[in-house]
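**Q** Read off the chains here:
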Amino acid sequence: MSAVTAAEWIKARRDPSWIVKLFDWKPFLVIVCLLPAVGLLMTFLTYPLGLGIFLAFTDTTIGRRGVWVGLENFEYLLSDPIWRNAVFYSVFYTGIATIGKFGLGLWLALLLNQHMPFKSIIRAIILLPWIVPTVLSAIAFWWIYDPQFSIISYIFVEVLGWRSTNIDFIGTEWPARFSLIVANIWRGIPFVAISLLAGLQTISPSLYEAALLDGSTSWQRFRFITFPMLLPILAIVMTFSIIFTFTDFQLVYAITRGGPVNSTHLLATLAFQRGIAGGELGEGAAIAVSMIPFLVAATLFSYFALARRKWQQGESND
Amino acid sequence: MATVGIRDVRKRFGNFEVLHGVSVDIADGDFVVLVGPSGCGKSTLLRMLAGLENISAGEISIGGRVVNTVPPKDRDIAMVFQNYALYPHMTVFDNMAFSMKLAGAPRNVMEQEVGRAAKILGLETLLERFPRQLSGGQRQRVAMGRAIVRNPQVFLFDEPLSNLDAKLRVQMRSEIKELHQRLKVTTVYVTHDQIEAMTMADQIVVMNHGIIEQAGPPLALYDKPANIFVAGFIGSPAMNLVDGVVKGGVFRTPDGTPWPLPPGTNAAPGPVTYGIRPEHLRLDPEGMPALVQLVEPTGSETQVLFRLGETQFSGAFRERVTARPGDMLRVGPDPALVHLFDKATGQRI
Ligand SMILES: Nc1ncnc2c1ncn2[C@@H]1O[C@H](COP(=O)(O)OP(=O)(O)O)[C@@H](O)[C@H]1O
Ligand SMILES: [Mg+2]
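Sequence lines, in order, name chains H and W. The numbering of the first sequence is full-length UniProt numbering, which starts it at 1 and goes up by one. The numbering of the second sequence is full-length UniProt numbering, which starts it at 1 and goes up by one.
Keep in mind the hints are simulated off the structure, nothing from the lab. Any given hint might turn out to be false.
Said to hold, decoys possible - Selected chain H positions facing chain W (Cβ under 10 Å, derived; list incomplete):
#1 214
#2 225
#3 228
#4 273
#5 311
Claimed, not checked - In silico SDA-like pairs for lysine to any residue, Cα to Cα no more than 20 Å straight-line:
#6 W/73 <-> H/223
#7 W/73 <-> H/215
#8 W/101 <-> H/223
#9 W/247 <-> W/258
#10 W/73 <-> H/206
#11 W/224 <-> W/203
#12 W/73 <-> H/221
#13 W/101 <-> H/268
#14 W/101 <-> H/261
#15 W/184 <-> W/173
#16 W/73 <-> H/208
#17 W/73 <-> H/205
#18 W/224 <-> W/242
#19 W/73 <-> H/212
#20 W/101 <-> H/28
#21 W/101 <-> H/208
#22 W/101 <-> H/215
Small disclaimer: the values here were computed from a predicted structure and weren't measured. A virtual CB, placed ideally from N, CA and C, is assigned to each residue, including glycine.
Produce the entire structure from the sequences given, and follow the hints as far as they go.
**A** Structure follows, in structure tokens:
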């Protein structure tokens, strides 16, 4: 065996092949790694969104390729009382439901953060409304709100005897609006409660102990420790919740279909009604596009409310 | 400032008793260190003093008043937590002023009091910072500042230095001690580090498995450990403990090597544990020939690991030891500084 010194052996090593070099070349790697994500986003996000926006400026109907009509669809919508009513109800629905979800959700989260028996079972039960498919819960509410077979009416009329007639939940404007909001709150609470509970659990118990020694009452501990420390996650959850609520479709469509007399149309249900059921694709798209400013506003809210607070920043951002 | 009395205190978590009847009397203005291995119940005892854990049995009094059912905020104590428990969303100023803010103190009082504490701790320039923007030592000081502002009767510290690096730990150790000398507030300090205990305490309470092994001034514990546990726990490097029997006026290890007994001992013949601190071994031409296994010079002294028959022990010598592993050295214990313990009970003879 001939002796090989270290220097000779190193020299003998071959240059890496072109394929190894290619994979070591950063621009190539960047493109290869980004391609799948960009491809998926383009196909499933950018294309439908772009198509929707494009359709909003045409008078396309089902079965007929439309022509470019500029802002005509939007001009028409602005003068359309049904659209204006849908805008009003979308904002109203989102506002009231958000207040309800966060009030009750925060209360539940605080409750679940306490030590109590059967904690994990209770947590699982709380998640139920969220796990059940929306359409199923919508059908359940449909029955609950049924003019003849409503269980609530049954309890009030037959069991308690407080009323002599059934309650009219979804037959008239305002009761219908509030009934839908109640259903949405019921469905939205788990998301809020569980998210906030996760936030609560990141707060170190020793902070509460320190505050206890500092002489705080339980309200002061909530006001000065829990709430400010929960605020970042609260803002995120609220943004998501607002977006989901504003674009809600299933609950309303399954329970009232926008009725009575279009009083409970959200923008999403109206867009579907006009675009798909009515065949006016261009107009439906325009209604859908008209949601964008509201969603951008909600996102901006999150951007500014979430902008990392000073106390969360490290030394470098001082 | 106040005395603290802990009388036969027990603590159970469910059916699991972690403190089995603990009694300590703390004089006004004393710096008392609770020391013991991890899990022995030090923090539990401290939290019971603070009112963060309820008392399963026994009695705790602060300033002569039994506080078993007094809520934490009315006990007039302040606590420094191991993780500091600073409010991350408040500035240093707000952290320190929080207790006054809760009590509805006017702004100028808060500024005055926080200013006083900040001056003591050298925090004046950091008052507008958030905890995240502070180093470990600075956070530690803010936690102490928050305690000082309260003007409490008793300070409680739970391993406040264990998150700091070694150098800072030594520095903060003397700062805390200095602070105590200045404020003279009764202090209960928990640590698992016996060096911290030795250097800081007026009184040390050594705990193990939920009982008190021995309480007393640091040097008393060093000179006369009451049992094998304290003998092994207090002092660094640790005491050599060798099992054997007393027979015919000498101590013999199982392999028969004789070791001298302390003069005037009343040890009865029978099995004992023989204790000698490494620093109480001497290089002695008359001593026992022992095999050198390891030599560790630290500059100020030299630590040597010996083997003698079956027995391994270490010595620490002021003089330079030139021996190398494998050499034989003659060493002998200073008989007056030998400790004997009953092998069965572990108690000092
Ligand atoms: N809330 C608790 N529930 C059950 N056991 C506990 C609880 N807190 C502490 N213990 C147990 O009590 C013992 C003493 O704990 P601790 O006082 O924290 O020890 P240390 O001396 O290290 O501070 C440990 O065995 C620990 O597991
Ligand atoms: Mg502890």
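**Q** For each hint, tell me whether it holds in the structure or not.
**A** Hint-by-hint comparison with the structure:
1. Below 10 Å, beta-carbon pairs count as interface contacts, and residue 214 of chain H has one with chain W at about 4 Å; its hint therefore holds.
2. The restraint placing residue 225 of chain H at the interface with chain W holds, with a minimum CB-CB distance near 7 Å, inside the 10 Å limit.
3. With 10 Å as the threshold, the beta carbon of residue 228 of chain H comes within range of chain W, its nearest partner Cβ sitting at about 5 Å, so the hint holds.
4. Hint on residue 273 of chain H is violated. Least Cβ distance to chain W is approximately 47 Å, over the 10 Å limit.
5. Evaluation of the residue 311 of chain H hint against chain W yields a held restraint, the C-beta minimum of about 4 Å falling below 10 Å.
6. A hinted pair counts as satisfied when its Cα atoms are at most 20 Å apart, and residue 73 of chain W with residue 223 of chain H qualifies at roughly 18 Å.
7. Pair hint residue 73 of chain W plus residue 215 of chain H holds up; C-alpha atoms about 5 Å apart against a cutoff of 20 Å.
8. With a CA separation close to 13 Å, the supplied pair residue 101 of chain W and residue 223 of chain H stays within the 20 Å bound.
9. Of the pairs offered as hints, the one joining residue 247 of chain W and residue 258 of chain W holds, with about 10 Å between alpha carbons and a cut-off of 20 Å not exceeded.
10. For a cut-off of 20 Å, the pair hint linking residue 73 of chain W to residue 206 of chain H stands: about 15 Å separates their Cα positions.
11. Between residue 224 of chain W and residue 203 of chain W, the direct Cα distance comes to roughly 14 Å. Compliance with the 20 Å bound is thereby established for this hinted pair.
12. Distance hint between residue 73 of chain W and residue 221 of chain H is fulfilled; the C-alpha atoms sit about 13 Å from each other, no more than 20 Å.
13. Distance hint between residue 101 of chain W and residue 268 of chain H is unfulfilled; the C-alpha atoms sit about 49 Å from each other, more than 20 Å.
14. Pair hint residue 101 of chain W plus residue 261 of chain H does not hold up; C-alpha atoms about 56 Å apart against a cutoff of 20 Å.
15. Taking the CA atoms of residue 184 of chain W and residue 173 of chain W, the gap is about 16 Å. The hint holds against a cut of 20 Å.
16. Under the criterion of a C-alpha separation no larger than 20 Å, the hint pairing residue 73 of chain W with residue 208 of chain H is consistent with the structure, at around 12 Å.
17. Of the pairs offered as hints, the one joining residue 73 of chain W and residue 205 of chain H holds, with about 17 Å between alpha carbons and a cut-off of 20 Å not exceeded.
18. This hinted pair checks out: residue 224 of chain W and residue 242 of chain W have alpha carbons roughly 17 Å apart, not beyond 20 Å.
19. For the given pair, residue 73 of chain W sits about 6 Å from residue 212 of chain H by alpha-carbon distance, which is consistent with the 20 Å threshold.
20. This hinted pair does not check out: residue 101 of chain W and residue 28 of chain H have alpha carbons roughly 59 Å apart, beyond 20 Å.
21. Between residue 101 of chain W and residue 208 of chain H, the direct Cα distance comes to roughly 16 Å. Compliance with the 20 Å bound is thereby established for this hinted pair.
22. Proposed proximity of residue 101 of chain W and residue 215 of chain H is supported: the alpha carbons are some 10 Å apart, at most 20 Å.
Hints 4, 13, 14, 20, counting from the list given before, are not met by this structure.
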